[in-house]
Amino acid sequence: MEEKFAHPELRKPEHLVYKTTDLMVDCPLSYCPGCGHGVVHRMLMEVLEEKEIASKTIGVNPVGCSVLAYDFMNIDMLGAAHGRAPAVATAIKRLWPDHYVFTYQGDGDLAAIGTAETIHACNRGENFTIIFINNGIYGMTGGQMAPTTLPGMRTSTSPYGRDIEIMGHPLKITELIAQLPGTYYVTRQSVQTPSAVRKTKKALRKAFDLQDQKKGISFVEVVSNCNSGWKMTPVQSNIWMEENMFPVYPLGDIKVDGELVTRS
Amino acid sequence: MGELRLMKGNEAVAEAAIRAGCDGYFGYPITPQSEVMEYLMVERPYETSGMVVLQAESEVAAINMLYGGAGTGKMVMTSSSSPGVSLMQEGISYLAGAELPALIVNIVRGGPGLGTIQPSQADYFQAVKGGGHGDYHMIVYAPASVQEMADFVQIGFDVAFKYRTPVMILSDGAIGQMMEKVYLADPVARLTDEEVVARCPWASNGRPMSRGHNIITSLDLDPAGQERLNLVLQEKYREIEETEVRFEMIDCEDAEYIFVAFGLSARICQKAMQLARNKGIKVGLFRPITVFPFPKNEIRELGLKVKGMLVVEMNAGQMIEDVQLSVGCNIPIKHYGRFGGIIPTPDEVLKALEEKIIGG
Amino acid sequence: MAKIKGDIVVNIERCKGCEVCIAACPFTCIAMSEEVNSKGYHFAIKVNDECTGCSNCALVCPDGVITVYRAKVTAE
Chain A
0 MEEKFAHPEL RKPEHLVYKT TDLMVDCPLS YCPGCGHGVV HRMLMEVLEE KEIASKTIGV
60 NPVGCSVLAY DFMNIDMLGA AHGRAPAVAT AIKRLWPDHY VFTYQGDGDL AAIGTAETIH
120 ACNRGENFTI IFINNGIYGM TGGQMAPTTL PGMRTSTSPY GRDIEIMGHP LKITELIAQL
180 PGTYYVTRQS VQTPSAVRKT KKALRKAFDL QDQKKGISFV EVVSNCNSGW KMTPVQSNIW
240 MEENMFPVYP LGDIKVDGEL VTRS
Chain B
0 MGELRLMKGN EAVAEAAIRA GCDGYFGYPI TPQSEVMEYL MVERPYETSG MVVLQAESEV
60 AAINMLYGGA GTGKMVMTSS SSPGVSLMQE GISYLAGAEL PALIVNIVRG GPGLGTIQPS
120 QADYFQAVKG GGHGDYHMIV YAPASVQEMA DFVQIGFDVA FKYRTPVMIL SDGAIGQMME
180 KVYLADPVAR LTDEEVVARC PWASNGRPMS RGHNIITSLD LDPAGQERLN LVLQEKYREI
240 EETEVRFEMI DCEDAEYIFV AFGLSARICQ KAMQLARNKG IKVGLFRPIT VFPFPKNEIR
300 ELGLKVKGML VVEMNAGQMI EDVQLSVGCN IPIKHYGRFG GIIPTPDEVL KALEEKIIGG
Chain C
0 MAKIKGDIVV NIERCKGCEV CIAACPFTCI AMSEEVNSKG YHFAIKVNDE CTGCSNCALV
60 CPDGVITVYR AKVTAE
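Protein chains in written order, with numbering that gives the first Met the number 0: chain A, 0 to 263; chain B, 0 to 359; chain C, 0 to 75.
Hint data in this document are derived by calculation from the structure and do not stem from the laboratory. As the structure is a computational prediction, the values presented were derived from the model and not from experiment. Among the hints, a few may not be true.
Short, incomplete list of chain C residues facing chain A, as computed with Cβ under 8 Å [stated by the list, open to error]:
hint	residue
1	A1
2	K2
3	D6
4	C17
5	E18
6	A22
7	A23
8	A30
9	M31
10	D48
11	S54
12	N55
13	L58
14	T66
DSS-like cross-link-like pairs, simulated, lysine-lysine; straight-line CA separation at most 27 Å [to be verified]:
hint	chain 1	residue 1	chain 2	residue 2
15	A	K230	C	K38
16	A	K18	C	K38
17	C	K71	A	K3
18	C	K71	A	K11
19	A	K18	C	K71
20	B	K295	B	K270
21	C	K2	A	K11
22	B	K278	B	K304
23	B	K180	B	K278
Between beta-carbon pairs, the in silico distance windows are [stated by the list, open to error]:
hint	chain 1	residue 1	chain 2	residue 2	range
24	C	F26	A	S155	16 to 26 Å
25	B	Q225	A	S155	20 to 30 Å
26	B	G339	A	P249	33 to 43 Å
Every residue gets a Cβ at the ideal spot worked out from N, C-alpha and C, and that includes glycine.
Turn these sequences into a full structure, and let the hints steer you where they fit.
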């Protein structure tokens with residue numbers, strides 16, 4: 000197709016300012032249009048590229064929407080059983096202490112079925128990075144209620160809205176693990192705007208830098224959208240996320256250098 | 000060279016693991032196998048060989064730690080007892096599906112449920128038939144002595160890596176707790192990271208630019224791909240059945256009757272055999288040492304020469320199914336079992352032979 | 000006088016038409032095409048000459064389909 004406003008004279012290597020990193024495998028992502036997973040994947044790979052540690056990094060992906068993340072990240076990876084990524088990563092980091100290790104997990108994986116593995120890996124102060132994608136829903140299985148589903152939020156297993164009396168409260172697991180002495184850096188970010196993406200990348204960079212210091216878990220939560228599960232357009236879902244998710248899951252650092260951040 | 004020591008079966012497993020160059024032990028306390036991790040924590044191999052020893056938060060976490068370690072090509076193991084091994088079934092299925100080498104020791108206690116802490120052989124089905132989901136097997140060794148507890152650690156690791164499959168040592172609370180003399184081989188050094196990379200080109204331990212990225216998984220959403228994986232596994236199990244069978248035959252040459260028993264039951268049958276021979280009854284013992292692969296050809300041939308077989312197990316009749324499948328229906332094959340932690344006596348085993356087979 | 004000029008190249012076949020890039024562009028340079036790609040998605044296209052190559056669209060693109068160029072050019 001003909002591009003009306005194309006500038007072929009600009010499309011030269013010396014003018015290139017942004018392209019997807021080669022650490023992303025050149026294939027279509029399995030995610031829904033507008034899903035934040037792809038951005039987090041790419042920022043993660045950019046951090047590994049900039050730190051030049053791709054060949055010394057081992058990733059562990061979960062069961063959930065990102066079950067195929069190992070197909071998209073051009074590094075050595077293991078697909079863990081549902082919720083068990085922190086246990087898998089614990090052994091890897093202990094056996095390869097000079098390597099960089101991360102888990103990439105969703106809210107159902109990390110905060111429901113894998114709660115014990117998450118809390119104990121954090122409490123032991125394992126020296127790896129946990130990347131936690133929180134979209135308040137089980138995306139892959141078709142939009143069921145997650146531990147982080149908001150009160151009143153409709154999902155396929157809370158079709159009339161999450162009733163706190165019957166279904167319990169949303170679990171703020173990130174605040175929970177920040178209390179543990181084994182966590183060193185805990186932050187909550189998002190990827191719906193350019194500045195948010197830049198902050199998330201900065202947080203991921205810090206998380207991997209901290210693995211060198213061996214001071215414990217670096218934990219990066221990314222509040223993300225699930226437009227399919229939330230039944231909205233991608234742009235609508237990002238607005239809904241800002242208006243509804245962020246008040247319950249406020250963005251920003253929760254623990255830095257092993258100290259809880261006091262919010263004014 | 001090596002060294003002779005008096006040890007508990009559980010301790011022998013731990014010591015043999017250190018000497019085999021094991022990279023990591025991940026476990027959770029449960030009676031009657033807690034001495035394995037206790038011994039390792041006292042010995043502190045992490046300060047000498049660099050072997051990692053970690054007490055996990057659960058058996059679920061422990062078996063998934065094995066998955067992580069094995070997926071990077073390291074020699075990893077765990078031990079537990081029946082209720083804990085039930086919790087590990089998910090991880091064992093994933094290990095088999097992802098074709099990862101790992102060693103799992105089950106010091107069996109009576110069940111079902113919380114059962115008892117006394118010895119049992121009631122986890123035979125779970126161990127040899129694939130206790131988790133999907134079509135898979137482990138190679139399963141059934142030691143009958145403290146010596147074999149130690150020996151099967153090195154052997155178990157060797158076959159685990161040869162076939163890229165989880166391997167189980169299926170023992171019981173009595174052999175785990177009993178003390179016997181055991182010959183321990185000289186320690187071998189753990190492999191270096193470079194040696195691990197060379198030994199396991201399939202492992203996910205950091206992608207050098209010279210190869211594509213390695214992925215450890217049991218998932219294939221394409222049915223044709225998943226069927227291919229299953230066919231690869233089945234092919235592997237056939238090869239294991241052809242090459243890894245181990246068994247022991249005692250006094251079978253002139254025998255008219257055969258005790259078939261594994262592990263602790265085989266030791267009891269040996270005494271019962273003496274009692275029988277004192278009475279002029281010609282009895283032999285067939286002891287499967289691997290219960291998967293099951294020595295079906297050998298036991299079938301034996302079945303052609305004898306008048307009957309008594310399968311003695313500390314369960315309600317599990318291995319007897321494999322004996323019957325192997326031998327067929329031409330001779331009487333009966334079961335004698337005790338449960339719940341009761342160990343049968345040689346006298347009652349002999350009586351069962353006389354009543355169920357000779358008089359039956 | 001020198002001016003910053005930018006251009007984007009969209010991998011049309013990989014674009015899923017989520018429109019997140021449209022919201023991220025400070026100069027409303029991007030819109031969805033009338034046509035669809037082989038998967039049936041409308042895809043991002045550049046609709047004016049205001050692009051400065053700021054990369055915002057590429058940063059928020061979940062599928063990493065946007066490549067960005069920028070250069071100083073002398074204004075006519």
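Structure-based check of all given hints:
1. At a threshold of 8 Å, the smallest CB-CB gap from A1 (chain C) to chain A is about 14 Å, leaving the interface hint violated.
2. Among the interface hints, the one on K2 (chain C) is violated; its C-beta lies about 12 Å from the nearest C-beta in chain A, farther than the 8 Å criterion.
3. Annotation: interface hint on D6 (chain C) holds; nearest CB of chain A at approximately 4 Å, less than 8 Å.
4. At about 3 Å, the closest approach between the beta carbon of C17 (chain C) and any beta carbon in chain A falls short of 8 Å, and the interface hint on this residue holds.
5. For E18 (chain C), the interface hint holds, since its Cβ comes within 8 Å of a Cβ in chain A; the closest pair sits about 5 Å apart.
6. Annotation: interface hint on A22 (chain C) holds; nearest CB of chain A at approximately 5 Å, less than 8 Å.
7. Hint status for A23 (chain C): holds, given a least beta-carbon distance of 5 Å to chain A, under 8 Å.
8. Of the supplied interface hints, the one on A30 (chain C) is violated, with its beta-carbon coming no nearer than about 11 Å to a beta-carbon of chain A, more than 8 Å.
9. For M31 (chain C), the interface hint is violated, since its Cβ never comes within 8 Å of a Cβ in chain A; the closest pair sits about 11 Å apart.
10. For D48 (chain C), the interface hint holds, the least distance from its beta-carbon to any beta-carbon of chain A being 5 Å, beneath 8 Å.
11. Among the interface hints, the one on S54 (chain C) holds; its C-beta lies about 4 Å from the nearest C-beta in chain A, closer than the 8 Å criterion.
12. About 4 Å separates the beta-carbon of N55 (chain C) from the nearest beta-carbon of chain A, less than 8 Å, and the hint is met.
13. For L58 (chain C), the interface hint holds, the least distance from its beta-carbon to any beta-carbon of chain A being 5 Å, beneath 8 Å.
14. Below 8 Å, beta-carbon pairs count as interface contacts, and T66 (chain C) has one with chain A at about 4 Å; its hint therefore holds.
15. With a CA separation close to 21 Å, the supplied pair K230 (chain A) and K38 (chain C) stays within the 27 Å bound.
16. A hinted pair counts as satisfied when its Cα atoms are at most 27 Å apart, and K18 (chain A) with K38 (chain C) qualifies at roughly 23 Å.
17. Our distance criterion of 27 Å between C-alpha atoms is met by K71 (chain C) and K3 (chain A), whose separation comes to about 21 Å.
18. For a cut-off of 27 Å, the pair hint linking K71 (chain C) to K11 (chain A) stands: about 13 Å separates their Cα positions.
19. Taking the CA atoms of K18 (chain A) and K71 (chain C), the gap is about 19 Å. The hint holds against a cut of 27 Å.
20. Taken as a hint, the K295 (chain B) and K270 (chain B) pair is honoured in the structure, with Cα atoms around 24 Å apart against an allowance of 27 Å.
21. With a C-alpha separation of about 18 Å, the suggested pairing of K2 (chain C) with K11 (chain A) holds against the 27 Å cut-off.
22. Distance check on the hinted pair: K278 (chain B) and K304 (chain B) sit about 21 Å apart at the alpha-carbon level, within 27 Å; holds.
23. For the hint pairing K180 (chain B) with K278 (chain B), the CA-to-CA distance comes to about 32 Å; that exceeds 27 Å, so the pair is violated.
24. Range check, F26 (chain C) to S155 (chain A): about 40 Å between beta-carbon atoms, so the 16 to 26 Å window is missed.
25. Q225 (chain B) and S155 (chain A) have their C-beta atoms about 27 Å apart, which keeps the hinted 20 to 30 Å range intact.
26. As the Cβ distance of G339 (chain B) to P249 (chain A) is approximately 56 Å, the hint placing it in 33 to 43 Å is violated.
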